[in-house]
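Undergrad: Residues per chain, in single letters:
There are 2 protein chains.
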Amino acid sequence: MTNSIYSKGCAWINGEFMPVSEAAIPIADTGFTHSDLTYDVVSVWNGKFFRLEDHLNRFERGWKRLRMNPPLTRSAMQDIVFDCVAKSGLRESYVELIVTRGIPLDGERDIRKFANCFYAFAIPYVWIAKPEHQLNGINLVVANGAQRIPTTSIDPTVKNFQWGDLVQGLFEAYDRDAFTAVLLDADGNVTEGPGFNIFAYHEGRLITPPDGVLQGITRATVIDLADEIGIPCSIEPLSAAQLRTADEILLTSTAGGVMPVTVIDGQTIGDGDPGKVTMLLREMYWEAHERVQWTSQINYEQPALESIA
Amino acid sequence: MTNSIYSKGCAWINGEFMPVSEAAIPIADTGFTHSDLTYDVVSVWNGKFFRLEDHLNRFERGWKRLRMNPPLTRSAMQDIVFDCVAKSGLRESYVELIVTRGIPLDGERDIRKFANCFYAFAIPYVWIAKPEHQLNGINLVVANGAQRIPTTSIDPTVKNFQWGDLVQGLFEAYDRDAFTAVLLDADGNVTEGPGFNIFAYHEGRLITPPDGVLQGITRATVIDLADEIGIPCSIEPLSAAQLRTADEILLTSTAGGVMPVTVIDGQTIGDGDPGKVTMLLREMYWEAHERVQWTSQINYEQPALESIA
Numbered sequence: 013m014t015n016s017i018y019s020k021g022c023a024w025i026n027g028e029f030m031p032v033s034e035a036a037i038p039i040a041d042t043g044f045t046h047s048d049l050t051y052d053v054v055s056v057w058n059g060k061f062f063r064l065e066d067h068l069n070r071f072e073r074g075w076k077r078l079r080m081n082p083p084l085t086r087s088a089m090q091d092i093v094f095d096c097v098a099k100s101g102l103r104e105s106y107v108e109l110i111v112t113r114g115i116p117l118d119g120e121r122d123i124r125k126f127a128n129c130f131y132a133f134a135i136p137y138v139w140i141a142k143p144e145h146q147l148n149g150i151n152l153v154v155a156n157g158a159q160r161i162p163t164t165s166i167d168p169t170v171k172n173f174q175w176g177d178l179v180q181g182l183f184e185a186y187d188r189d190a191f192t193a194v195l196l197d198a199d200g201n202v203t204e205g206p207g208f209n210i211f212a213y214h215e216g217r218l219i220t221p222p223d224g225v226l227q228g229i230t231r232a233t234v235i236d237l238a239d240e241i242g243i244p245c246s247i248e249p250l251s252a253a254q255l256r257t258a259d260e261i262l263l264t265s266t267a268g269g270v271m272p273v274t275v276i277d278g279q280t281i282g283d284g285d286p287g288k289v290t291m292l293l294r295e296m297y298w299e300a301h302e303r304v305q306w307t308s309q310i311n312y313e314q315p316a317l318e319s320i321a
Numbered sequence: 013m014t015n016s017i018y019s020k021g022c023a024w025i026n027g028e029f030m031p032v033s034e035a036a037i038p039i040a041d042t043g044f045t046h047s048d049l050t051y052d053v054v055s056v057w058n059g060k061f062f063r064l065e066d067h068l069n070r071f072e073r074g075w076k077r078l079r080m081n082p083p084l085t086r087s088a089m090q091d092i093v094f095d096c097v098a099k100s101g102l103r104e105s106y107v108e109l110i111v112t113r114g115i116p117l118d119g120e121r122d123i124r125k126f127a128n129c130f131y132a133f134a135i136p137y138v139w140i141a142k143p144e145h146q147l148n149g150i151n152l153v154v155a156n157g158a159q160r161i162p163t164t165s166i167d168p169t170v171k172n173f174q175w176g177d178l179v180q181g182l183f184e185a186y187d188r189d190a191f192t193a194v195l196l197d198a199d200g201n202v203t204e205g206p207g208f209n210i211f212a213y214h215e216g217r218l219i220t221p222p223d224g225v226l227q228g229i230t231r232a233t234v235i236d237l238a239d240e241i242g243i244p245c246s247i248e249p250l251s252a253a254q255l256r257t258a259d260e261i262l263l264t265s266t267a268g269g270v271m272p273v274t275v276i277d278g279q280t281i282g283d284g285d286p287g288k289v290t291m292l293l294r295e296m297y298w299e300a301h302e303r304v305q306w307t308s309q310i311n312y313e314q315p316a317l318e319s320i321a
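In the order they appear, the protein sequences are chains A and B. Residues 13 to 321 (the working numbering) are what the first sequence spells out, left to right. Residues 13 to 321 (the working numbering) are what the second sequence spells out, left to right.
Just so you know, the hints here were simulated from the structure itself, not pulled from any lab data. A couple of the hints might just be wrong.
It does not matter which identical chain is used: a pair holds within one copy or between any two.
Stated by the list, open to error - Once the Cα atoms are required to be at most 25 angstroms apart in a straight line, the calculated DSS-like pairs of lysine-lysine come out as:
hint, residue 1, residue 2
1, Lys-288, Lys-20
2, Lys-76, Lys-20
3, Lys-60, Lys-171
4, Lys-125, Lys-20
5, Lys-76, Lys-142
6, Lys-76, Lys-60
7, Lys-125, Lys-60
8, Lys-60, Lys-288
9, Lys-288, Lys-125
10, Lys-142, Lys-125
11, Lys-288, Lys-76
12, Lys-288, Lys-171
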């Protein structure tokens, strides 16, 4: 069922498949005008979804927290993303599912009464840092400017597009000749950056922040893999000072996997090469994309969806 | 030039006018996927823009703070919104202008290199609370749940769509049988609510919070009008306790004007009728929509725009 019009990506908008270049959100959807939505991103690697069930569990929890009722069942959404990937023919893909609050009709202001919307698309796999860049390592800063939005204002475990603080962090990174930034909370503890979680490795132990961050699936995978090879991982507050003196630093994201940091705040980490533990976890991470219990094979010849109105 | 296909609203998207029902944002625009944008809303009343120059000044300051370069000059944007209104034929309209970061091309991650986008639309005037509702007064709660996003994370003076905290406030209002909510900051001071600024009137004096809030044009107008009639207005921190014991409370928004509050946290304010000072300011506010220095006449017969590529 692969079709070349979808080779740059296939989207599902308002009940129709279309090339992603034609996919658009109604300007009146409060998913746009109030960023009132949740979403998830799943990767496809070598023709298989990775940890799809875990992503869908997080996605479902998110829309329930926002008190939304998507117009389709979870199972139908799953069929749609299988078909987006199959139509695109992409073997490595970045697959996004979005539920928005929807469009106010006839001046209605009561957001409980809006018809929520579902959108999805599959595009070629997205890398926060490309593989060749990863092998050199990422130049990271701890943002001095914007603080991460506190959990008392927005729950970061409900995956969202409200990136005002993270975008400020990115500009600060550029101004300081770095590639990206990690943000602190009001107590000076490390949280997360634009699109990634962070781990420090120090004296035989991984540390990653417990809250104020997305509960990333790649983060969870690194915790699982570290356990398999007997590296203890502490989920506990991580200060900026601890981060700066770590033996290794790594970033995790569905868009790029396990990514080594080699420079922090202008200082080289260790000998300047990606850390050994980081590179071992990175190798294990990509190998794990063939594990049966974590993967869902895409059938590129047979649609998952028979018919949805 | 009024055309009935635009009677529900006219939008400008990617260089073309279209009915607002057809207006859509590319799903890949980071104005959607990272809410990376600023916008402004101007009202048209009786065929005239109200304080358009002030709105455009704020809008321009916003996109500069976000380090964006819109694809059109400010003057061209102004011509476009004049024409959106003229084409719609709407004498009372809610007119929105948006500049977004735009679309990443070919896997580009450097947001400095994105081509920023401009969108605009004019729709029938939007009321946060309809006039008949305003005459009864609004039932408001001070949110106990979500705190307003602090200015250390997102600058509220750059008008934005990142409403996660405000939407939580709305749901709390519904759960407490109220109409809307005002949010506190981490120090327990009053900030703003979903789409409005707030004033307390107490013992002959208006008070409105200084920062952590949008510098609203309706807020500025109320400050100006109060000055004209000799009511002092203090721009200073306002505690929740002060708000609850105020003689009168009023909300201000381009979407509804000056709106009386008659119930706060379930308690009736005064005798339960809209306050006298509030209603005087409300009357002056609507009369001010005929003042020459604050209005810009729309020519419904002659396009403002000759040609834009």
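Undergrad: A separate judgement is required for each hint: does it hold in the structure or not?
TA: These are the hints, each one checked on the structure:
1. Lys-288 <-> Lys-20: Neither, since 36 angstroms and 61 angstroms both go past 25 angstroms.
2. Lys-76 <-> Lys-20: Neither way: Lys-76 and Lys-20 sit 32 angstroms apart in one copy and 33 angstroms across, limit 25 angstroms.
3. Lys-60 <-> Lys-171: Result: close within a single copy only, 23 angstroms intra versus 42 angstroms inter.
4. Lys-125 <-> Lys-20: between (36 angstroms within a copy, 21 angstroms between copies)
5. Lys-76 <-> Lys-142: neither (34 angstroms within a copy, 30 angstroms between copies)
6. Lys-76 <-> Lys-60: So Lys-76 and Lys-60 fail the 25 angstroms test inside a copy (27 angstroms) and across (43 angstroms) alike.
7. Lys-125 <-> Lys-60: neither (38 angstroms within a copy, 33 angstroms between copies)
8. Lys-60 <-> Lys-288: This pair counts as neither: shortest intra-copy Cα distance 28 angstroms, inter-copy 67 angstroms.
9. Lys-288 <-> Lys-125: neither (53 angstroms within a copy, 34 angstroms between copies)
10. Lys-142 <-> Lys-125: Result: close only across copies, 17 angstroms inter versus 43 angstroms intra.
11. Lys-288 <-> Lys-76: neither (40 angstroms within a copy, 43 angstroms between copies)
12. Lys-288 <-> Lys-171: neither (31 angstroms within a copy, 45 angstroms between copies)
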